[in-house]
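The primary structure of each chain is shown beneath.
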Amino acid sequence: MNAEDVVNEYKDLLPIPIIEEAKEEIKNRRIGAEKAKEIMERINYR
Amino acid sequence: MEAISKVVKAIEFGFLSPDFIKKMATVKVVTPELYDKEGYPVDGGLMDTRMGVIDPGLTCPVDGKKLKDSPGYFGYIELARPVIHLHGINIILAFLRSTCRECGKVLLDEEARSKFLGRLETLEKEKGVNAKRKEINLLVNKLKSVRKCPHCKAKQYKINLEKPTTVMENDKRVFPIEIKMRLENINDEDVTILGLNPRKSRPEWMVLSLLPIPPVTIRPSITLESGERSEDDLTHKLGDIVRINQRLFENINAGAPEIIVEDLWDLLQYHITTFFDNSTSSVPPARHRSGEPLKTLTERIKSKEGRFRHNLTGKRVNYSARTLISPDPMIDLNEVGVPLEIGMELTVPERVTEWNMDRLKEFIKKGPKVYPGSNYVISPDGKKKKITEESKEQLIEELQPGYIVERHLMDGDIAIFNRQPSLHRMSIMSHRIKILPGRSFRLNPSVCTPYNADFDGDEMNLHIPQNEEAMAEAELLMEVQTQIITPKNGLNIVASIQDAITGNYLLTKSEMSREEAVSLLLSIGIDDVSRLPTTKKVSGRDVFSVLLPDDFDFIGEEVDSKRKGEKVIIKKGRLISGIIDKSYIGEGSGHILRTLYAQYGPNKAVLILGNISKIGIRHLLNIGFSTGIVDADLNEEAVKQIKEIIEDAEKKVDGLIEDYKNKNLEAYPSKTLKETLELKILEVLNKTRNKAGEVVIASNKEENPTMVMANSGARGNLTNLAQIAALVGQQALRGERITKGYKGRTLSMFKKNDLTSTPHGFIRHGYKGGLSPSEFFFHAMTGRDSLMDTALRTPKSGYLYRRLANALQDLKIEYDGTVRTSSGAIVQFTYGDDGLDISRTEGGSINVKRIVRNIVEK
Numbered sequence: 000m001n002a003e004d005v006v007n008e009y010k011d012l013l014p015i016p017i018i019e020e021a022k023e024e025i026k027n028r029r030i031g032a033e034k035a036k037e038i039m040e041r042i043n044y045r
Numbered sequence: 000m001e002a003i004s005k006v007v008k009a010i011e012f013g014f015l016s017p018d019f020i021k022k023m024a025t026v027k028v029v030t031p032e033l034y035d036k037e038g039y040p041v042d043g044g045l046m047d048t049r050m051g052v053i054d055p056g057l058t059c060p061v062d063g064k065k066l067k068d069s070p071g072y073f074g075y076i077e078l079a080r081p082v083i084h085l086h087g088i089n090i091i092l093a094f095l096r097s098t099c100r101e102c103g104k105v106l107l108d109e110e111a112r113s114k115f116l117g118r119l120e121t122l123e124k125e126k127g128v129n130a131k132r133k134e135i136n137l138l139v140n141k142l143k144s145v146r147k148c149p150h151c152k153a154k155q156y157k158i159n160l161e162k163p164t165t166v167m168e169n170d171k172r173v174f175p176i177e178i179k180m181r182l183e184n185i186n187d188e189d190v191t192i193l194g195l196n197p198r199k200s201r202p203e204w205m206v207l208s209l210l211p212i213p214p215v216t217i218r219p220s221i222t223l224e225s226g227e228r229s230e231d232d233l234t235h236k237l238g239d240i241v242r243i244n245q246r247l248f249e250n251i252n253a254g255a256p257e258i259i260v261e262d263l264w265d266l267l268q269y270h271i272t273t274f275f276d277n278s279t280s281s282v283p284p285a286r287h288r289s290g291e292p293l294k295t296l297t298e299r300i301k302s303k304e305g306r307f308r309h310n311l312t313g314k315r316v317n318y319s320a321r322t323l324i325s326p327d328p329m330i331d332l333n334e335v336g337v338p339l340e341i342g343m344e345l346t347v348p349e350r351v352t353e354w355n356m357d358r359l360k361e362f363i364k365k366g367p368k369v370y371p372g373s374n375y376v377i378s379p380d381g382k383k384k385k386i387t388e389e390s391k392e393q394l395i396e397e398l399q400p401g402y403i404v405e406r407h408l409m410d411g412d413i414a415i416f417n418r419q420p421s422l423h424r425m426s427i428m429s430h431r432i433k434i435l436p437g438r439s440f441r442l443n444p445s446v447c448t449p450y451n452a453d454f455d456g457d458e459m460n461l462h463i464p465q466n467e468e469a470m471a472e473a474e475l476l477m478e479v480q481t482q483i484i485t486p487k488n489g490l491n492i493v494a495s496i497q498d499a500i501t502g503n504y505l506l507t508k509s510e511m512s513r514e515e516a517v518s519l520l521l522s523i524g525i526d527d528v529s530r531l532p533t534t535k536k537v538s539g540r541d542v543f544s545v546l547l548p549d550d551f552d553f554i555g556e557e558v559d560s561k562r563k564g565e566k567v568i569i570k571k572g573r574l575i576s577g578i579i580d581k582s583y584i585g586e587g588s589g590h591i592l593r594t595l596y597a598q599y600g601p602n603k604a605v606l607i608l609g610n611i612s613k614i615g616i617r618h619l620l621n622i623g624f625s626t627g628i629v630d631a632d633l634n635e636e637a638v639k640q641i642k643e644i645i646e647d648a649e650k651k652v653d654g655l656i657e658d659y660k661n662k663n664l665e666a667y668p669s670k671t672l673k674e675t676l677e678l679k680i681l682e683v684l685n686k687t688r689n690k691a692g693e694v695v696i697a698s699n700k701e702e703n704p705t706m707v708m709a710n711s712g713a714r715g716n717l718t719n720l721a722q723i724a725a726l727v728g729q730q731a732l733r734g735e736r737i738t739k740g741y742k743g744r745t746l747s748m749f750k751k752n753d754l755t756s757t758p759h760g761f762i763r764h765g766y767k768g769g770l771s772p773s774e775f776f777f778h779a780m781t782g783r784d785s786l787m788d789t790a791l792r793t794p795k796s797g798y799l800y801r802r803l804a805n806a807l808q809d810l811k812i813e814y815d816g817t818v819r820t821s822s823g824a825i826v827q828f829t830y831g832d833d834g835l836d837i838s839r840t841e842g843g844s845i846n847v848k849r850i851v852r853n854i855v856e857k
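Residue numbers (numbering that gives the first Met the number 0), protein chains in the order written: chain A, 0 to 45; chain B, 0 to 857.
Only chain A is shown next, with the shape it has when bound in the complex (with noise of 0.2 Å):
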């Protein structure tokens, strides 16, 4: 699984613009899937 399929799981936990902020993010710094997991976690403290 690479880190935006991670991004994808969240798609109906989070609003879509802050999917597509993440993915962006995670996009330009060149983020793994790991690294990708936690910060979806962090986001999506809930």
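Since the hints were derived computationally from the structure, they do not count as laboratory data. Among these hints, one or two may not hold up.
[As the list claims (entries may be wrong)] In silico negatives: residues of chain B with every beta carbon more than 12 Å from chain A:
#1 G13
#2 V26
#3 K64
#4 A255
#5 I330
#6 G572
#7 E674
#8 L681
[Said to hold, decoys possible] Straight-line distance between alpha carbons at most 35 Å, and here's what the computed DSBU-like set of lysine-lysine pairs gives:
#9 A:K10 / B:K603
#10 A:K26 / B:K566
#11 B:K751 / B:K651
#12 B:K571 / A:K26
#13 B:K690 / B:K750
#14 A:K22 / B:K487
Each residue gets a CB set at the ideal place from its N, CA and C atoms; glycine is no exception.
Assemble chain B onto chain A, guided by the hints.
Then chain B, alone, in the frame of chain A:
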């Protein structure tokens, strides 16, 4: 157990018919006497036992029940002459005006009548009762001016009301007897046309011929200490009614002149009106002998002290205390200091088990007068026994598992703390009790913000949960640490304030010896100093770092050019660079606090926050921090500069005025020349204060305590300092310079039509130097204006908020994610239309970039 729920479809109100009054009554009241010589209620009197018993020994003759079980029953009085019911007068008027005085028919011809009936029916079906009511009102208004009956051709007259209950027709009085007769003449269908349901209320029932007497149980008499009986206000009023009614009867029977009968009749009307409502504007209120107005039926129900707001929506509770609050920065955030006196009055129930029996026996042994003791023992059959010197021994012997001991409050017990107005969730939080000497509740100043409390005389309420479930709930859901983040915007509401911020600001800028650092840490209760560098001198940042978890990473926002210093960076629990100020630990912007909360959870976050506040305050105490008038001293150079700035501004203003007079001024779009001039002058003068402020700042040292407070964000701002030291600046009334006063000038000391700065509220002196008389006057003008503005606006916006909150309080997010009302109607398909939980955001949005940066740069 299954709950039975029923939907209330409608509530219908009506008037009692004379038949019904008679049917429901158990007594016909004939005498105003209350008790006989033996003190026993008189038969046929107002306290007749058939209307209910209020003496503990008596049984009700109607249902055979005693005081507490008998609901009481109505009685009635037959009135000598009919009397108008105050609350029916408008309906009576409407009926009299829209029906014929001779034949009693509605003043519509047959065709219009049946058409209207049809319209009413469809209206009610399609648009509801309110639309129907509106239509009827329109009809009544129309029929008012009909002067000839379309049925019997009788002449109609104008009918007026002389408040409160006198009906005049063509300036001649219509007495209730005639009113009643006319109303009786109206047939049922016409009653329906005019909006009443004749089975529930006929118009003539609003002219009372029988008056129902409420049960004794709703107007109990009280026995004073002297043994004297004192009757309820309602009984007093009813006594008056019965007495006057009797006299009226006698006079009528004796054939007294009509004028006397009418006088008595009016008196009866007055008494019955005030029996229903003693606060109608057109009637002088009936009073006690002491001059105090009687509280009759309407007063019992309405307003703040009435049944609804006083007894139903608000009640008094046990196990609670209220007293003044005062600050104590050295207790924990989630603690509340409780005076010993209160601690010995309020209790926590502890159920006796085999394992705690000995401990609880100790409490009983100490009794209610020695702390920590106990006040009551409750046996398993529910009997509550007071612990006294005499009963102690026996109670200890009797104690078994299953009993409950109500022991005094002790440190660590859970309590619910509240300050009104309770406008949001954080107005009621739970705290741990700490018994302290003194007579006030003590709270940590950091929790002032959520309660909106200060210490200028505020009082707060304390409640002790009385069972394990309530205690657990209070602890898990309501404790201070669970409420650090406000659901309003996801920012922290519990934070360091005032001195705590100043202290941390100075601490993280300073250096000290290691001994001083250790002593500082010990003074706030931190004894593990292993993380403090072992060098001789340590920085304030090192001391601050000891408070943080050793794996805490944090990168602050970029520092903008105006703020001095570097970006705050914390790596592995060490503050490497930056100065701590309000934006990191303050309310609504505490970045560090929020990150701590998110990473380490509420319990640890509140502990760290408490320590941060404490160390700030303790540091200030150590170094000594004070403010005074010297903070506003200026050197000669600065004084000169400020003078030049003011002169410069005045020159500019003169130039603008000159341009205006020579018509060289270019008007702003949609503004006149005069308006443009005013705006330009205002702009120049407003800038002057800012420029002077900059001079004040430049001329002051950074250590100036007032500057420290302003720079750290603890209190005040640099404009305050500039106003004290340099100049107060332009005073504005509703966004304009001051123009009010005399013709062509603000005060008689100025020349007419002078447009320069001074006559229009420019204050060129600072508070410290002192204002000139005219300046003082202008300042008082704007001061009064803003004072009145806030005084009038605050209650208005408060009430607005109250109504809004009441209207929205039942909305909730269902498990399917929709926002619904209590009846299930959808308000939003997803909460806020984006499904974002605001309490999980930072100020309403999620800062994705910062989260990514924090994780990547870790």
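Here is what the structure says about each hint:
{"no.": "1", "hint": "G13", "in the structure": "holds, 53 Å"}
{"no.": "2", "hint": "V26", "in the structure": "holds, 67 Å"}
{"no.": "3", "hint": "K64", "in the structure": "holds, 58 Å"}
{"no.": "4", "hint": "A255", "in the structure": "holds, 84 Å"}
{"no.": "5", "hint": "I330", "in the structure": "holds, 31 Å"}
{"no.": "6", "hint": "G572", "in the structure": "holds, 19 Å"}
{"no.": "7", "hint": "E674", "in the structure": "holds, 43 Å"}
{"no.": "8", "hint": "L681", "in the structure": "holds, 41 Å"}
{"no.": "9", "hint": "A:K10 / B:K603", "in the structure": "holds, 32 Å"}
{"no.": "10", "hint": "A:K26 / B:K566", "in the structure": "holds, 26 Å"}
{"no.": "11", "hint": "B:K751 / B:K651", "in the structure": "holds, 21 Å"}
{"no.": "12", "hint": "B:K571 / A:K26", "in the structure": "holds, 27 Å"}
{"no.": "13", "hint": "B:K690 / B:K750", "in the structure": "holds, 29 Å"}
{"no.": "14", "hint": "A:K22 / B:K487", "in the structure": "holds, 28 Å"}
In the structure shown, no violation is registered for any of the earlier numbered hints.
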